[in-house]
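Read top to bottom, the protein sequences are chains L and B. Using this note's numbering, read the first sequence as starting at 11 and increasing by one per residue. Using this note's numbering, read the second sequence as starting at 11 and increasing by one per residue.
Just so you know, the hints here were simulated from the structure itself, not pulled from any lab data. One should not assume that every hint holds.
All copies of an identical chain are treated as equivalent in the list; a pair is satisfied when it fits inside any one copy or across any two copies.
As the list claims (entries may be wrong) - Straight-line alpha carbon distances no greater than 30 Å define the calculated DSS-like cross-link-like pairs of lysine-lysine that follow:
{"id": "1", "residue 1": "Lys219", "residue 2": "Lys320"}
{"id": "2", "residue 1": "Lys219", "residue 2": "Lys249"}
{"id": "3", "residue 1": "Lys93", "residue 2": "Lys404"}
{"id": "4", "residue 1": "Lys320", "residue 2": "Lys304"}
{"id": "5", "residue 1": "Lys408", "residue 2": "Lys93"}
{"id": "6", "residue 1": "Lys22", "residue 2": "Lys93"}
{"id": "7", "residue 1": "Lys249", "residue 2": "Lys93"}
Number of protein chains: 2
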Amino acid sequence: MNPELIDTLTLKNDTKIVFLILDGVGGLPLPGSDKTELETANTPNLDRLAGSSICGLLDPIGYGITPGSGPAHFALFGYDPVKNNVGRGILSAAGIDFPMTERDLFMRVNFATVDKSGVVIDRRAGRIDNETNRKLCRKLQEGVRLNSCDVFFETVKEHRGLIVLRGDNMRDEIEETDPQKVGMPPIPPKALTPKAEETAILITELTEKAREILSDEGKANAMLLRGYAKYRSFPSLGKRFNLNPLAIANYPMYKGIARLLGMTVNQQTNTIKEEFAALRENYEKYDFFFLHIKPTDSRGEDGDFDAKVKVIEEVDSLLPVITELNPDVLVVTGDHSTPALLASHSWHPVPVLLSSDTCRPDSVEQFSETECTRGGLGRLPMVYLMGIALAHAKRLTKFGA
Amino acid sequence: MNPELIDTLTLKNDTKIVFLILDGVGGLPLPGSDKTELETANTPNLDRLAGSSICGLLDPIGYGITPGSGPAHFALFGYDPVKNNVGRGILSAAGIDFPMTERDLFMRVNFATVDKSGVVIDRRAGRIDNETNRKLCRKLQEGVRLNSCDVFFETVKEHRGLIVLRGDNMRDEIEETDPQKVGMPPIPPKALTPKAEETAILITELTEKAREILSDEGKANAMLLRGYAKYRSFPSLGKRFNLNPLAIANYPMYKGIARLLGMTVNQQTNTIKEEFAALRENYEKYDFFFLHIKPTDSRGEDGDFDAKVKVIEEVDSLLPVITELNPDVLVVTGDHSTPALLASHSWHPVPVLLSSDTCRPDSVEQFSETECTRGGLGRLPMVYLMGIALAHAKRLTKFGA
Numbered sequence: 011m012n013p014e015l016i017d018t019l020t021l022k023n024d025t026k027i028v029f030l031i032l033d034g035v036g037g038l039p040l041p042g043s044d045k046t047e048l049e050t051a052n053t054p055n056l057d058r059l060a061g062s063s064i065c066g067l068l069d070p071i072g073y074g075i076t077p078g079s080g081p082a083h084f085a086l087f088g089y090d091p092v093k094n095n096v097g098r099g100i101l102s103a104a105g106i107d108f109p110m111t112e113r114d115l116f117m118r119v120n121f122a123t124v125d126k127s128g129v130v131i132d133r134r135a136g137r138i139d140n141e142t143n144r145k146l147c148r149k150l151q152e153g154v155r156l157n158s159c160d161v162f163f164e165t166v167k168e169h170r171g172l173i174v175l176r177g178d179n180m181r182d183e184i185e186e187t188d189p190q191k192v193g194m195p196p197i198p199p200k201a202l203t204p205k206a207e208e209t210a211i212l213i214t215e216l217t218e219k220a221r222e223i224l225s226d227e228g229k230a231n232a233m234l235l236r237g238y239a240k241y242r243s244f245p246s247l248g249k250r251f252n253l254n255p256l257a258i259a260n261y262p263m264y265k266g267i268a269r270l271l272g273m274t275v276n277q278q279t280n281t282i283k284e285e286f287a288a289l290r291e292n293y294e295k296y297d298f299f300f301l302h303i304k305p306t307d308s309r310g311e312d313g314d315f316d317a318k319v320k321v322i323e324e325v326d327s328l329l330p331v332i333t334e335l336n337p338d339v340l341v342v343t344g345d346h347s348t349p350a351l352l353a354s355h356s357w358h359p360v361p362v363l364l365s366s367d368t369c370r371p372d373s374v375e376q377f378s379e380t381e382c383t384r385g386g387l388g389r390l391p392m393v394y395l396m397g398i399a400l401a402h403a404k405r406l407t408k409f410g411a
Numbered sequence: 011m012n013p014e015l016i017d018t019l020t021l022k023n024d025t026k027i028v029f030l031i032l033d034g035v036g037g038l039p040l041p042g043s044d045k046t047e048l049e050t051a052n053t054p055n056l057d058r059l060a061g062s063s064i065c066g067l068l069d070p071i072g073y074g075i076t077p078g079s080g081p082a083h084f085a086l087f088g089y090d091p092v093k094n095n096v097g098r099g100i101l102s103a104a105g106i107d108f109p110m111t112e113r114d115l116f117m118r119v120n121f122a123t124v125d126k127s128g129v130v131i132d133r134r135a136g137r138i139d140n141e142t143n144r145k146l147c148r149k150l151q152e153g154v155r156l157n158s159c160d161v162f163f164e165t166v167k168e169h170r171g172l173i174v175l176r177g178d179n180m181r182d183e184i185e186e187t188d189p190q191k192v193g194m195p196p197i198p199p200k201a202l203t204p205k206a207e208e209t210a211i212l213i214t215e216l217t218e219k220a221r222e223i224l225s226d227e228g229k230a231n232a233m234l235l236r237g238y239a240k241y242r243s244f245p246s247l248g249k250r251f252n253l254n255p256l257a258i259a260n261y262p263m264y265k266g267i268a269r270l271l272g273m274t275v276n277q278q279t280n281t282i283k284e285e286f287a288a289l290r291e292n293y294e295k296y297d298f299f300f301l302h303i304k305p306t307d308s309r310g311e312d313g314d315f316d317a318k319v320k321v322i323e324e325v326d327s328l329l330p331v332i333t334e335l336n337p338d339v340l341v342v343t344g345d346h347s348t349p350a351l352l353a354s355h356s357w358h359p360v361p362v363l364l365s366s367d368t369c370r371p372d373s374v375e376q377f378s379e380t381e382c383t384r385g386g387l388g389r390l391p392m393v394y395l396m397g398i399a400l401a402h403a404k405r406l407t408k409f410g411a
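With the rest of the complex left out, here is chain L (with noise of 0.2 Å):
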């Protein structure tokens, strides 16, 4: 099935639907047990819920495939996350919430530090702070001028910045200058198609002046340039569905993915307890609520099982603040999965409940990855969740006559 089918469908209604999203939540047990990380975890709210709601697992993008970020909330939203996969640098760019034109062409970038020969010895030039990275960014700002476009250099996070440049026929098949690795120079910003070409002598002239303009800083003195994406839009999920989206995230990426679909995002939050606040607070004023929690993501790539365990009993231990709101439709599930075990994300399906008054009971009586095995849902791609959200929510009609 067509996963847009569902667009040709929807209703308007007063009814609500959560997501709650606990990224990379999926686990494996450490060797010589056999309890994964949600499985160790302490968590009555979830169990209880997992008995009245119907379970599954969910592939994100397919069999055996380990997806990013990106396109693993895609799937989450109902967006197809092959056709829709973009560069990382447009996420970067709706993260920060840059004002984007169809014009431009977006690039993360790293301070890095190259020793005089020019090879890279810090990717990260030493993790500089907010502070310095907008001294970097004001300073290039004021030096940089390319002959046929614009340029505009932003501020993420620590090393991490954007790049934008905006001019006409911008394309994104360019060589990525990041070689990955210390002890080699920057990879040279190479056409991999010739309709690129343009683009890349534009790259290659700024990344030149951007080292001239940087050549008398101790530790920030170069620039590796990743994750090219050209601008592009997205129908949005308001329109889509029908619904009044409000998203819920501390962490940019997940803002940036939601400012994309044309979501509202909510203002900054810093813990999970913030978090579940600000959706009690909205929550008169939006039908849809999409609350993103980042730690079990990180703790799992930290390879920490037990951090993981305990950001799983911080959920739960907030869950009553959703579940006494009694929202129509309340999903639980994450993005992908990330074994602390691999400290990576992974293939392994993800386990997901669904909570609702129309749910056919199934025999699931813990939300576990193992238990979800039997779940009513059975095991399907990721895509597909929407659309039953939707349909529990009394917002999608009938199909045919």
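Since the structure of chain L is already known, use the hints to place chain B on it.
Okay, now just chain B, sitting in the frame of chain L:
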């Protein structure tokens, strides 16, 4: 998900993957019983492995579709079995290691017996032996000359041979001449599309000349043609997935499939035990192993339930030869089901187990059709198996940023 998405994500590393394929392993209970062949067999090694593996059920082509061996194996190796469906002639040619060229048209031939009126009375010419077959092929090779193309007569086994026409504009849309039952004359090789007219004329000429040459034979006095297939090439498994694959099979057909996909084919083995020994001997030299077990299918085709059970038990007893090598990924499955009850291939899904260090546990404790219905892999199209195996071997990089 397009099964070729994984091609863009493959990585090279030192991990090893073993595909142990029990041809036609899936079965059905006999009337009055509730156990399939696999469930009846005493398989302590497979059951122990299933306990620590992730299990599921594979559909070779799709729901309700009974596959031939060719497409089923294409699916096993991650090739879309419908897009890559080929006539059996090319599999026969690959099976006997015939040096193919792009101008070739392949046909399977059965030597057969016709009576004086030209009616087929034995479709297998009394199952003549290989030596007789070779004599007939030599006689035909010397006697048959065609106007505008070269022709090659090759022995396969017993009454089965291969004919190759080499010339320009060969087409394979031709009526098969094998009437598939006795009591009828061979069918004329009519063109099924206008473009195949020229080839049809050549094949008519071929059959007439052959009939003349064979007319003095007692048993093998006719030829029945089927499985026409124009040459086509396939992207090699090794290149697609960055693998160095070895195929171990006792039967020509499966070597043929392996050759078409660019695998190295091991020297001739004749017993299951020899096949397992060959795996052990070659373990250091390759990183992907296709070990094909034929008699599970043959005994199923014979309708011999007990004999099929015995073959499964023999494979189980040899399983430690593989598990002692401790491959990073071990997959045990079949290409399709061949229930003795039906004495033929069937559409039933095939049980699969995948063993690796990164398996999320499921509750399956026995390798059987029934237990696999509640495995963590769920039920999935067979074409996705290869991607899952590559993922567990850490041979796929992340999709998207």
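Consistency of the hints with the structure:
1. Lys219 x Lys320: Answer is neither; intra-copy 47 Å and inter-copy 75 Å both fail.
2. Lys219 x Lys249: Neither, since 43 Å and 41 Å both go past 30 Å.
3. Lys93 x Lys404: Both. Shortest intra-copy (28 Å) and inter-copy (25 Å) distances satisfy the 30 Å Cα cut-off.
4. Lys320 x Lys304: within (13 Å within a copy, 51 Å between copies)
5. Lys408 x Lys93: both (26 Å within a copy, 16 Å between copies)
6. Lys22 x Lys93: both (27 Å within a copy, 26 Å between copies)
7. Lys249 x Lys93: For Lys249 and Lys93, both the intra-copy (19 Å) and inter-copy (25 Å) Cα distances are at most 30 Å.
Comparing the model with each numbered hint stated earlier shows that hints 1, 2 do not hold.
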